[in-house]
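Peer 1: One-letter residues, chain by chain:
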Amino acid sequence: MSLLTVEDLHVHFVTRGLDNRVRVARALNGVSFEIEEGEVLGVVGETGAGKSLTALALLGMLRPPAVVAAGRIRFEGRELAALDSGAPDHIRGTRLTLIPQSPHTSLDPLSRIGEQLVRMQREHGRVSRADALRRARGMLDEVHIPAPEQRLKAWPHQLSGGMAQRVLIAMALINRPRLVIADEPTTGLDVTVQAAVLDTLRELVRAHAMSALIITHDLGIVAHYCDRVAVMFAGSIIEQGPTRAVFRGQRHPYTRALVASTPKRIAERGYGQVGGTPPDLYALPAGCLYRDRCAMAAEICVTTPPVVRFEHAHAARCHFSAQLPPP
Amino acid sequence: MSPPILAASELVKRFPAGRGRQVHAVNGVDLEIGRGEAVGLVGESGSGKSTIGMLVTRLIPLTAGRVCFDGRDITALPEREMRPLRASLQIVFQDPWGALNPRMTIGKALEEPLKLHTDLEAGARALRGRELAERVRLPLASLDRFPHELSGGQLQRVCIARALATRPKLIVLDEPTSSLDLSVRAGILQLLDQIRRESGVAILFISHDLETVELVTDRVVVLYLGNVVEQGPTRKLFAEPAHPYTQTLLSASLPPDPDVMLARHTAIGEVPSPINLPPGCAFASRCPAAIPACRGARPPAVALGGQHAAACIRIADGGNVLSH
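Chains as they are written, first to last, in numbering that gives the first Met the number 0: chain A, 0 to 326; chain B, 0 to 323.
Keep in mind the hints are simulated off the structure, nothing from the lab.
Accuracy of the hints is not assured; some may be wrong.
Per the computed footprint, the stretches of chain A lying under chain B, defined by three or more beta-carbons under 8 Å from a beta-carbon of chain B, are [to be verified]: (1) 216-228; (2) 242-251; (3) 307-313.
For each residue, glycine too, the CB sits at the ideal point set by N, CA and C.
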C-alpha cells in the first residue's frame, strides 16, 4: 500500500469581485498521485501550475479564499480529514513535514536556532528540554552543519543561505517524519551550495527510509534526485512516471515542450515551438487545457477532456499520447 | 581594425560596510568585448558580476580602473556627456516587474527612449514603438496596457525592446531570464539570438545559469570574489575548465538528463567574507588543490592557448586538474 494517496483533489479560490459577484478560480482540477515508501517524487511545472498549492493542501495549510472543493488524501492508511480546517492534528509536523522555500523568511528571526529546533519537538510531543536540545545538536550534525554546538546559539541572520536551508531541513526531519515535502528547497541558492544541500537531503531520506516530495521547476533536480516525476499544467498532472522513462520518451506534448526548452536540448536541436500562456483559471475551457498551445490539437481536444492513459507505470493525460512521434 | 566595443581594465569597486570597513566587490578585473560578440560573465552570488555590469555602463562610480566604450575613454566622462552615449550602451535587468513604470502604458514605455535620444515626432515615435513591439513579438494590443496586465515574459520583452529602441552597440543583460519559467525563458533566448543575428549588437550576458551561458555566448569570463579566475572561448572553457573553481562550478550543474553521470567536485567550506579578503588566490581557502604558495600572492593569468587563460599557479605542475 502506498504511503500517500491523493485522489481527485480539487482546490478552488472563491472570491467576490467589485460587482459582488462570486468568482471561482479552479486552481487544482483533479490531482491524483501516490507516493510509495522510500520513494522520492518530483513535482514539476511552471508558475501557477499548482505545485505549491498541492503541497499546502497535503499539509492542511490552505486558508480562505482557497478551499478544497473535492478530493481525498490518505496517508499511512488513514484519511486526512478536514483538509482545510487548520486544526492541529500532529500528523502534520511529525509524520508529514515541510521544508519551505526561502530559508530566511521561514525561520523565526527572534529565536536562536537551537530554540526553534527544541520548540519543533515540544510542540508535538512530550520531550524534556535537555533531550530536545541533545537531539537538536545531533540533527544539526546530520545535516552537516559545522560546529553544531555553537550553531545552536546562532540567530538566523548569522547564517548563510545554504546554512539556513540546512537548518530548515533539520527542523523538518527532527520529528522523524515518514514523508517530507520540499517546496523548491534550493531556489535562490548558488549552484555549488544547491548540489550539496540536495545531496544531504537525499542522504537523510535514504538513511531514515523516508519518502520525499520535491517541488521544483528545475528539470535537472528531477533528473538526478527523483525516482518518479509528476508534471503539472493548469492545476492537473498531465504526465507522470518513472524519471528515466519520462526523460527518454515524454508522452504529453507539454512535457515535450518543457524538455525541449532546456538549453542543452536547444543546443542540440535548435529552438522549438515555445511560448504561450496558461489558460484562465476563472474560465477553464472544456476539453484539453493544453490545446491552445499544442501543435497536435484536433477536434476531440476541444470537445472532450482527455483521460489518463497508462502504459506500465507511465501515464499521460492526452488523447494522442500513444500516437506521439518518438522524441 | 576597429577597437573593441568595450575595453575595461583594472576595474576596482569597494563599497563602504560601516565602521571604516569595506566590501571588496571587484578587485582588478579586465574585460574586453569585441563588436558583435556575446560574452558571458558567470559566478555565484557575491562574485561581483552585477557590480561589473553597473560599472561598465557607468551606473555606479568606479573606485579605480578605466572603461573605454567604442574607442572612447568614458571613465570620467561627466553625466552630461555620458547621456548621448547611453543610446548605444544599454542594460536590461533581472526583474522586469521593477524595471517599468507601473503608471505608464507599454506603448509609452517603448517610446520613452526615443523621446530621450532621438528627435522623432510623436507620430513617428508611435510608429517605431509598434515596430519594436512586433520585433520582440509582443501582441500589439499590449501597447495600451499597463505593466501589471502583462506576464513576466512579456514584460521582459518590453525591457528588451526598450533597450533596442536606440539601436545600441552593446547591451548588458543582467540575469535576463532568471525570474522566468522554462518555456518563457526559451522564448527570450530565441529572441536574443534573433536580435544578435539581425543587428550585430554585442552582448554582455551576466548569469549564474551555466547552461544558458553555454548556449548563448561566444566567450565566458568566470568570476570568484571579484576576481577573474578563468576566461576563454565558451566551447573550450566548458570542455576543458582549467581553474579548480571553474571545475567545481561546472561539476555542480545538474543536466536535465538522468543518464548523465554526475562527477562532482566539492569545494571546502564557505565563501570567505569580501570584507576581509585573504591574500593570494581568493579560492585557496576552499580549493582541494591548494598548496601553501597559493596563499602568498595573487596568481597571474596563465595562457592556455586560443584566448583561454586561468589564474592558478598549479597549472605549472598539472596539480590544477581535480580528480574524482
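Peer 1: Are the hints correct? Go through all of them and say.
Peer 2: Tested hints:
Look at the segment 216-228 of chain A against chain B: 8 of its residues bring a Cβ nearer than 8 Å to a Cβ of that chain, three or more, so the hint holds. As drawn, the segment 242-251 of chain A meets chain B at 3 residues by the rule of a beta-carbon pair under 8 Å; at three or more, the given contact holds. A stretch counts as covered by a chain when three or more of its residues have a beta carbon under 8 Å from one of that chain; for the segment 307-313 of chain A and chain B the count is 0, and the coverage is violated.
Against the hints set out earlier in the document, a violation occurs for number 3 only.
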